[in-house]
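Sequences are here, hints too, so could you generate the full structure?
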Amino acid sequence: MASYLFTRNEITKLAKKILAMKPDIIAMEGPLGAGKTTLTKAIAKELGIEDVIVSPTFILHREYPGLDHIDAWRVEDFSEIERLGLGKMLAEKHLVIIEWADKFRQEIKRLRDEDIKIIWVRLEYAVNENERRITYENIGY
Amino acid sequence: MKILAIETSCDETCAAVTEGTNILSSVVYSQIDLHKEFGGVVPSIARRAHEEKISFVIDKAMLNAQCSMLNIDAVAVTAGPGLSIALEVGIRHAKEWAKKLNKSLIAVNHIEGHVLSGLTPEVQFPALALVVSGGHTELIWVEKIGQYRIVARTMDDALGEALDKAARMLGLGYPGGAELEKKAVLGNSKAYPLPLPMARSKILAFSYSGLKTAFYRLVKDQNINDLAACFQNRAFEHLLRVTRATLNAQPTAPKDLLVGGGVVANAKLREEIKKLSDEVGCRVWFPGKGMYGDNAAMIGIAANFKAQRGEFSDPEKVDRLPRWRIDERAF
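Top line first, the protein sequences correspond to chains A and B. Okay, so the first sequence: first residue is 1 according to this note's numbering, each after it adds one. Okay, so the second sequence: first residue is 142 according to this note's numbering, each after it adds one.
None of these hints come from the bench; they were simulated from the model. Just so it is clear, CB atoms sit at the ideal spot from N, CA and C, and this is done for glycine as well. Treat the hints with care, as some may be off.
Derived DMTMM-like pairs (lysine to aspartate or glutamate); straight-line CA-CA distance at most 25 Å [said to hold, decoys possible]: (1) B:361 <-> A:129; (2) B:361 <-> A:131; (3) B:194 <-> A:76; (4) B:177 <-> B:193; (5) A:103 <-> B:178; (6) B:343 <-> A:51; (7) A:103 <-> A:115; (8) B:177 <-> A:102; (9) B:458 <-> A:63; (10) B:331 <-> A:129; (11) B:324 <-> B:174; (12) B:343 <-> A:50; (13) B:177 <-> A:76; (14) B:194 <-> A:77; (15) B:177 <-> A:29; (16) B:177 <-> A:77; (17) A:22 <-> A:137; (18) A:22 <-> A:124; (19) A:88 <-> B:229; (20) A:22 <-> A:46; (21) A:88 <-> A:76; (22) A:88 <-> B:460; (23) A:45 <-> A:63; (24) A:103 <-> B:174; (25) A:17 <-> A:137; (26) B:361 <-> A:29; (27) B:361 <-> A:124; (28) B:458 <-> B:469; (29) B:331 <-> B:412; (30) B:323 <-> B:174.
Here chain B is said to cover these stretches of chain A; the calculated rule only asks that three of the stretch's residues, wherever they fall, bring their Cβ under 8 Å from a Cβ of chain B [stated by the list, open to error]: (31) 50 to 57; (32) 69 to 80.
Beyond 12 Å from chain B on every Cβ pair, some chain A residues (computed) [stated by the list, open to error]: (33) 2; (34) 46; (35) 47; (36) 91; (37) 110; (38) 135.
This is the structure in structure tokens:
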């Protein structure tokens with residue numbers, strides 16, 4: 001587990017570090033405005049995706065080339081995420097980013113049984129306005 | 142041409158009967174009470190509620206329009222953008238009705254519905270359209286009806302979404318934007334400093350993530366009314382600044398500004414948009430009451446123009462398009 005203070009300018013560095021761990025799923029948790037979508041933007045940029053990454057809150061799921069961005073905030077049951085095509089996304093080797101992943105911690109962790117590599121990222125506000133404490137952890141296969 | 146229109150893209154189950162741009166009936170079953178306790182639209186609950194209410198809503202729209210099945214000339218439905226599993230319900234029922242009546246199906250873009258929701262015969266094209274809702278914040282160049290170009294859109298949250306999230310940070314009820322407005326009316330919008338998003342940027346785009354973050358840091362034991370007023374004020378100021386810049390950036394200034402979407406229900410926003418239009422010398426058109434938020438009448442009106450252009454859809458091909466852009470052709 002690694003826990004660091006990051007400023008806005010260092011987000012690219014963080015995106016690179018996370019991607020270097022070769023995740024299948026990046027599970028994000030953190031309060032409103034902590035930067036979940038901002039970090040997703042940085043990751044997408046590293047993946048060479050040119051689309052504008054916008055908040056997936058309204059339609060739950062946005063698909064980009066090689067990346068699926070899911071918002072679990074208002075999802076009642078994990079089966080809804082499965083019905084969005086999670087299995088297919090993973091089979092096609094898309095990187096899957098799930099915001100508000102803490103809502104389905106157990107269900108997501110269970111995917112490790114299917115050889116899915118998960119990086120868990122926690123974003124927290126720090127004392128300094130421009131900083132975030134970001135903890136990321138390879139929770140393994 | 143009489144059109145039966147159906148709309149289920151989010152959390153309102155809607156049906157309407159329209160003839161040209163006239164609305165013969167418009168029925169909206171709002172699911173607000175069902176989603177309240179979750180603080181936002183829960184897609185699976187939305188779908189169940191659509192399933193339960195849609196036949197009743199369609200029947201009521203037909204009844205209110207005093208319209209028999211024989212008089213319907215076409216069936217229109219929202220195919221996107223919106224929640225996939227919610228859209229699906231309306232599409233399936235529209236296909237069934239089109240088949241039953243042996244009439245054409247017209248798949249309509251939800252945003253086009255909002256763009257045309259304030260349309261009057263006086264509107265001259267090209268015009269600029271501003272759509273502000275829980276899921277969308279877009280400025281659209283309307284060369285003529287049916288020909289659109291997105292000029293500016295959000296890079297993160299939609300305006301309505303940002304207002305909802307700010308309300309949530311203040312512990313207000315749902316729908317957040319409306320609750321925030323009630324508090325904001327009582328507050329002082331100058332009480333606390335909040336950044337104006339992208340204040341020095343020349344890019345024509347919207348962004349609310351920075352404002353949201355700054356707001357999170359303000360929210361402590363402060364005055365809720367003032368906080369609400371400050372957030373709302375800055376959020377609108379940003380919207381207006383980008384709208385003004387877009388109007389000024391056009392080689393020939395449009396004479397008309399069409400405004401639509403659920404956030405238009407906010408009286409302060411309408412007032413500010415009116416001021417802006419007076420300042421830049423264009424006319425502004427808001428939807429009639431009951432037409433701000435989602436409704437099927439606007440879908441019927443948009444469908445009428447599509448029918449005039451011969452843009453009917455193949456029922457076999459029509460499917461949900463959760464991210465359908467207004468400037469993309471489909472089906």
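* Which numbered conditions among the earlier hints are violated in the structure presented, ordered from lowest to highest? -> none
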